[in-house]
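Peer 1: Listed below, chain by chain, are the residues.
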Amino acid sequence: MSDIMPFRFSLHSLAKQDTIHQIMATNTISCQYGLSLTEEDAEQIFTARQIILKNLGRVEIGNGVITQLITAFCRSPFLSQENYAAAVVDLIEAFYYIKNETRDEIGDLELIELMQERFDNCCAGSVELLVSQGMEDIIQAVRQGYYHRTLSGEENEVSK
Amino acid sequence: MSNLSFPPYERKLPALDPHNYLVSLLNRAFTAQLISEAKMQTIQTQVMEVLKEIIFRYTGGQSSSVTTATAQSLINSILYCIDVRLLALDSPEESLRELDSKTIREIYQDGLALVESCLEETRKLFEQTQVSRIATDLIAYNSTIDVGLPGFLAQYDPRFLAHDTMADIDYPLASHCQNQRGIFYIREYIRKLNLENQFCSSFAEPDINRLLQNYGRTYNIDYREFLLNIFEIVFTNAVFAVMLGQNARHLVISKAHSDLLGSQLYSLDLSLIPPVLKQTVDRLIVQLAISDADLIVYIRSAEDTLLHRLLPALQNHSLDKLVITDHPIPQPSVTLLQPEPMQDADFRHLLHQLSQSDDSQAKAALIMGQVRTFSDFIDVLEADCLVSQDYQVLFECLGDLELAMLARLVVDIFGEDDTPLVQQISSSSSGKEWSSQLVLYLASINRERLKTIQQLASQLA
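Sequence lines, in order, name chains A and B.
Numbering (our numbering) for the first sequence: 5 to 164.
Numbering (our numbering) for the second sequence: 20 to 480.
I should point out that these hints are in silico values taken from the structure, not numbers from a laboratory.
C-beta: ideal position from N, C-alpha, C; glycine also.
Check the hints yourself; a few may be wrong.
Short derived list, chain A residues pointing at chain B, Cβ under 7 Å [to be verified]:
1) Arg62
2) Ile65
3) Gly66
4) Gly68
5) Val69
6) Glu86
7) Ala89
8) Gly111
9) Asp112
10) Ile116
Taking the hints into account, I'd like the entire structure generated from these sequences.
Peer 2: Dropping the structure here:
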């Protein structure tokens, strides 16, 4: 019997097959926009997300964000089949990065909506621009403590 | 596994970590082949399922991810609740049976209920603390009761931070709370604090505060800013008071009594000190009419601590640092702020006004209205511009301190005997009109006031 303690809690353990299955299921929606992912793409996205989470110091308890991101962004005119899988990985990384920068104060769906709106408009489909400038006002609003005051109401100055 | 019957767990499951009970229990049980790998994986999966639920609640369902630090804190909170439940059982065997018969979610819920119950109990104990607290200037004591503990109890959340013990608790207890974490640590801290307050309630608060002041003088510190334990200081002096044959409630020990105690204790064989101390504490408990079993246990623990301080003090001849002797409270000295003296022209103008008036009341009003310094006042008295009746009216306008200052000027050194002030001033031979008038005036006022003036005069530098 090994002396090494066998019982521990892995915060990064996820059901791989379940995640890949859910990623593949998004093709039913994305194919309407001429986009689809192969099983190999899904595996790469799964692996990439594990690395991104670890690098950014986060723990994911479900697979919902990947499917939510894909479902939201597959409608974008700036995504093409050639860059689709890579763009999904970039967007996952951008999502968790902004999640950290906004100190978890913005819910997943709300953040994806904000990202999508800016990605399709002021950032012209550039994830790099989205991360470096596109969300800066939101990040500053959260840091200065007035995000919820200004963004939660109908008079949403920051998100206009 | 439900029919577990393994040898005494002390042999098979040694040295389980109470601060990481579930993990150490499972690892030891796995090593001792008391639990299968499959069961281990099942438990691990169930813990992660509970974590998912807690993260969902933590984020209000708005986010499926959290930072690693948050996740780690939440998992620590879950494990704390599980440990609370398992440690409430009689033995590791019982814990393993619990893990076999219930899911981790059920055990977590049971543990969470225990934690919430403990929180309620702790809040009630703290209400007692607020009632029994000692009126003292000790900063750490007050800040712990006013800020640290209420702040902790207000923000403690068993759902997400059950393991949390982050509180601004600076005040050190005489007996530390060992092997406790989270709310159980706080409950134990408050329980012991209440016992200490209960003990100190046998003594008059002014006596306790005077003892603390004497403690500060003994060690040349501002006791208010130090992390001192009031109970320990009070208990120690109460024990020595009883040794001296004083009443236990009489915390004041004079230097002479301290020397006497030293001469007796230094002459004793060290082997006799423990029984002597025990008998003294027995008498202390009787004299203070202490019957609370928990408090008696606490006092016995303090007796043990005191013994470990007393023996080296006797060996090193440093008993005078252990017995806090009374230092006379210094009388406050009087310091007067000197305003600017009058300008020469103004002074001459005042003298002219005084010489033109025959009304004693008007003269007194002029002097009291324009003279701002003691030296100017004396100059006016010695300027031959007042007649006999003017002095009496003017002295009538003066307060006790001003009269004491005048008396001090006539009599350089006040005797420490009880010679009346009037007699002392009369016997001095200043030969000045105003000093004779002062004697007459002081002889006319009531005795109590005269006594006050004499006390003030003796304190003036």
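Peer 1: Kindly indicate which numbered hints from before are broken by the structure, ordering the numbers from low to high.
Peer 2: 6, 7, 10
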